[in-house]
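Q: Chain by chain, the residues:
2 protein chains.
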Amino acid sequence: MNLSKYKIAIGQINTTVGDLDGNTEKIVNAIEKAKQHNAHLVVFPELAITGYPPKDLLLKSSFIEKNREKLDEIIKASEGITIVVGFVDVSETKVPRDIYDISSRFYTESRILYNAAAVIQNGKLIGKYYKSHLPNYDVFDESRYFETVKDIPLFSVDGLKMGVNICEDIWIDEGPTERQAKQGADFIVNISASPFYAGKGNIRRELIAKRARGNSVPIAYVNLIGGQDDLVFDGGSYVFDKKGRLIAHCRRFEEDFALVNLESQKEVILKENLIKDIHDALVLGIRDYVRKNGFQNVVIGLSGGIDSALTTALAVEALGADSVLCVLMPGEITSKSSVEDAQNLAKNLKVKCKTISISEIFTSYLNTLKKEFKNRKSDATEENIQARIRGNILMAISNKFGHLVLSTGNKSELAVGYATLYGDMAGGLAVISDVPKTMVYQLARYINQTNKTDAQHPITGLSYDPYGRPVIRPAGVEIILQNILDKEPSAELRIGQKDSDDLPPYEILDPILQHYIEENKTKVEIINLGFEKEMVEEMIYKVDHNEYKRKQAPIGIKITPKAFGFGRRMPITNKFK
Amino acid sequence: MNLSKYKIAIGQINTTVGDLDGNTEKIVNAIEKAKQHNAHLVVFPELAITGYPPKDLLLKSSFIEKNREKLDEIIKASEGITIVVGFVDVSETKVPRDIYDISSRFYTESRILYNAAAVIQNGKLIGKYYKSHLPNYDVFDESRYFETVKDIPLFSVDGLKMGVNICEDIWIDEGPTERQAKQGADFIVNISASPFYAGKGNIRRELIAKRARGNSVPIAYVNLIGGQDDLVFDGGSYVFDKKGRLIAHCRRFEEDFALVNLESQKEVILKENLIKDIHDALVLGIRDYVRKNGFQNVVIGLSGGIDSALTTALAVEALGADSVLCVLMPGEITSKSSVEDAQNLAKNLKVKCKTISISEIFTSYLNTLKKEFKNRKSDATEENIQARIRGNILMAISNKFGHLVLSTGNKSELAVGYATLYGDMAGGLAVISDVPKTMVYQLARYINQTNKTDAQHPITGLSYDPYGRPVIRPAGVEIILQNILDKEPSAELRIGQKDSDDLPPYEILDPILQHYIEENKTKVEIINLGFEKEMVEEMIYKVDHNEYKRKQAPIGIKITPKAFGFGRRMPITNKFK
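Residue numbers (this note's numbering), protein chains in the order written: chain A, 1 to 577; chain B, 578 to 1154.
Keep in mind that the hints were calculated from the coordinates and are not lab data.
It is possible that some hints are incorrect.
Stated by the list, open to error - Within a straight-line C-alpha distance of at most 25 Å, the following computed DSS-like cross-link-like pairs (lysine-lysine) qualify:
#1 A:LYS350 <-> A:LYS370
#2 A:LYS400 <-> B:LYS1126
#3 A:LYS542 <-> B:LYS977
#4 B:LYS653 <-> B:LYS603
#5 B:LYS610 <-> B:LYS637
#6 B:LYS705 <-> A:LYS370
#7 B:LYS603 <-> B:LYS705
#8 B:LYS977 <-> A:LYS533
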């Protein structure tokens, strides 16, 4: 077969971890579609059968076995086509992986696992490739589960030599891609589950272009799409010709199916919009967390501030206004303008909004604790009580009606502990907990701006989104009101309170936090960048001493290179200064 | 030097993660003590300088550098003695460890790290050993940080050939210990940070005995002691002669210093008492978490049930009665006997006990939510509101007085989600969250029993603990009253409620949970052991569907081979049945 006539289909599917049946169904459907389009080859993401990352499900023998059974189903569907699909392979050798359990009553043999790609053709498994570079940093734990082999094979398909490698493999200089190219691969397929952070699309695209160009080999790169707990896989699968020119791609943040010839195609130019990407990642992250976990509706506490406004706007885009319930919980300190702003936001977004005052409950707490707190000044305690009353009310609504609580705290607050555990931190998903406060404003402005320029739906008069689905917000309207954008940030938990009483301006705090958390710079290095010494010391102290709060935070959607949560593993007991 | 005259000192110290100054001070003090006793060699645990596990502190260059400076201090203290001590070594080669960041603005070079043992003598670093088997399962993440080398050297000290290896290395069949023995080692030192679970002491001792016997080589095994977040290191350092006979050991669950000759010693017989060990681990875990995090006092919600009774008894042993505040928070459903039992327990333990009724607050919640919940039946919502009021009150006391909240839920509850997030789950440390309910009873009985037989303090008439410190409980008294042991478990959140309304008897539930969680058995395997099919299915469903609650649980003290938390990494979004 001449490479120029070779037709590849890319099945950029949205898998769900553990949904072996559903994932396989999607794979088989895409195979059928590829056949209908007379594709020679169809490729699917890394661990497409199991979903990614399967984590400790990999330690369950029944999980591994069912994944093998599903591979057999896919093999049966391969008549007349070649398939590359990710699965978990298992060696027949049984070994004691958990060394400590050797002599214990809990010892069970476990088998050696591989993060594998199956090469399937005409009803037969004609080859397997085992991932040779296992990521084991940040959110990745692959050395916990998988072994590697040194074998980097090529596969003969339709008279062409195909190299296959998996995700991390292609990021390695002088790694499998080089080796396969040197062995004479006519083209290379990389199957990935590469999670999003802002800016990663460009990095990824440039890297794969470099691999194609440097090795004079066409590369088809298929990436997973979908939200899985804290991670969003952004898709954007690419095909590069051997000159490193992008000749085809899938859309990002949605399922897609592409057909491409590896040669004689025009170059495509792609540009990233950082804020748009973050917006799309958050929307997808919400939608998939909520839907894949079987929820119909969410409930959000609306304060009149920008964080809850943004969270609500994103939730409406993700789920539709009918699925979003807002609850406004004013207390004695809540300003009139906060109430109005919150109500107007709800009106703009056409979401239901209930008002439930916390005053009576707060009074009853103060009464109940009066004796214990006698002669003690009012302090953060009373502020936290109010936040926790709101948390309790939202959870009560969640319990009574089955709505998932979305919490609304941003990354800057979470970093320095400017949040109440079990209060505003309460919820099932912390939507913007990896979004620094300054970026919260950028996202709000982006939503306002796109809304003004959005196309209008011919019948409803509403905007519709880039995927052609009508969105609830009325076109041309500023969703997040100027009032909300302009007001000074405040938790409104004591009279006259402002964030700036306790924290530096976010324009200064956010870069400090980025240097410390994302770039892992030392205190001295940050001070040397020109930040005030005392401020840097105080903020780093706050970051370090709030690990216990973050331990108990809900999962949040990762959009930066270093989010709090699974990818950042700090001890709580820690005397390092 | 004749081996029979060679005197080894074991410095079984309690390090704190990140406390490089404090840890080094302990090391230097023990070196001085070893010199005073004319020891030739003194040995310290794995990563003694940094504390274990340092986790992502290892990614901070300032942390690594300071650890190297501290090693220099130890080297200076080594005149006239040989020292083996754990530290983090760093290769001069700089590599991009975080591959994904290669092209990003956040890319920083990082250096190759080794989990190392320094061999120091007379003011000089005479050798280094790098751990060659990195544990990367359960709670261990060492592949995330460290590299290995193939070199397994011997060190020449005082005319003897010494093999050194680190923790996991000695668990490996045909591993470093065999290789060092074959190279002619006169004795082997293993430095460890081996965390506790019930039964591990015996497993560890038998394993090291086997290594000594099998290789005809004496082994000095020094283990870390102390609590670090969820882990308790139980010490119990051992010395075996070349026949595999135990000839010396350190105490468990406390700092110790032992002097030993590798030959001509009598055999020592040790026996483990599982329940005593668990008890001691929990006491140490509480004490170190509270003290190392700088807290003076703890506050515990007392219900009259056995879980909070046990937690309080353990806290009193760990911290002294003066450091424990109990709060009884009766509601409308709380029985008179619960109040009495709780008060009697507090009296027995001589702890302060406050009573704060939740009735007024609960009424105010019901009032406030009346409109929203109109025409809805009372259900788990109202139960959870009560639990969360209690959580809020405990947190208010914590905020106002700086006490750490200890939560009181057991493992059985946490497994099946029979606990209220932000309610009874609220706290800084979940003391018995790895203790199954049936074991809660065993521990309570153990405390009663030892208390009866405890030695009486000559002056105060109080018991004193194995470390000679007076404990608060009056000798001879049954601490956890028979009433508490006898009553049927109930959350007392609705009238007539019993745990058995929702759960099988704990005598049946606990083995099912052990098979599923600790032994990783499949549903079918558990049913085949003779458990009722529907019950197994329902309980496994509950375990799987409460991952989101456990994500937000406080850390708990690990006492089983598989605790919830850091060592069990399950996805929340998970459709695997």
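Q: Please work out if LYS400 (chain A) and LYS1126 (chain B) have their alpha carbons no farther apart than 25 Å.
A: Judged against 25 Å, a Cα distance of about 17 Å means the pair holds.
Q: Regarding the pair LYS542 (chain A) and LYS977 (chain B), is the alpha-carbon distance no greater than 25 Å?
A: Given pair LYS542 (chain A), LYS977 (chain B) holds - Cα atoms ~19 Å apart, limit 25 Å.
Q: LYS610 (chain B) and LYS637 (chain B): Cα distance at most 25 Å?
A: 33 Å, violated
Q: Are the Cα positions of LYS603 (chain B) and LYS705 (chain B) separated by 25 Å at most?
A: Satisfied, since the Cα-Cα distance of roughly 21 Å is no more than 25 Å.
Q: For the pair supplied as a hint, LYS705 (chain B) and LYS370 (chain A), is the alpha-carbon distance within the 25 Å limit?
A: Roughly 62 Å separates the two Cα atoms, so the pair is violated.
Q: Would the pair LYS350 (chain A) and LYS370 (chain A) pass a check requiring their Cα atoms to be no farther apart than 25 Å?
A: Roughly 42 Å separates the two Cα atoms, so the pair is violated.
Q: Straight-line Cα separation of LYS653 (chain B) and LYS603 (chain B) no greater than 25 Å?
A: Given that 25 Å is the threshold and the Cα spacing comes to 15 Å, the pair holds.
Q: Keeping to a limit of 25 Å between CA atoms, is the pair of LYS977 (chain B) and LYS533 (chain A) held or broken?
A: Roughly 30 Å between the alpha carbons, so the hint for LYS977 (chain B) and LYS533 (chain A) is violated.
Comparing the model with each numbered hint stated earlier shows that hints 1, 5, 6, 8 do not hold.
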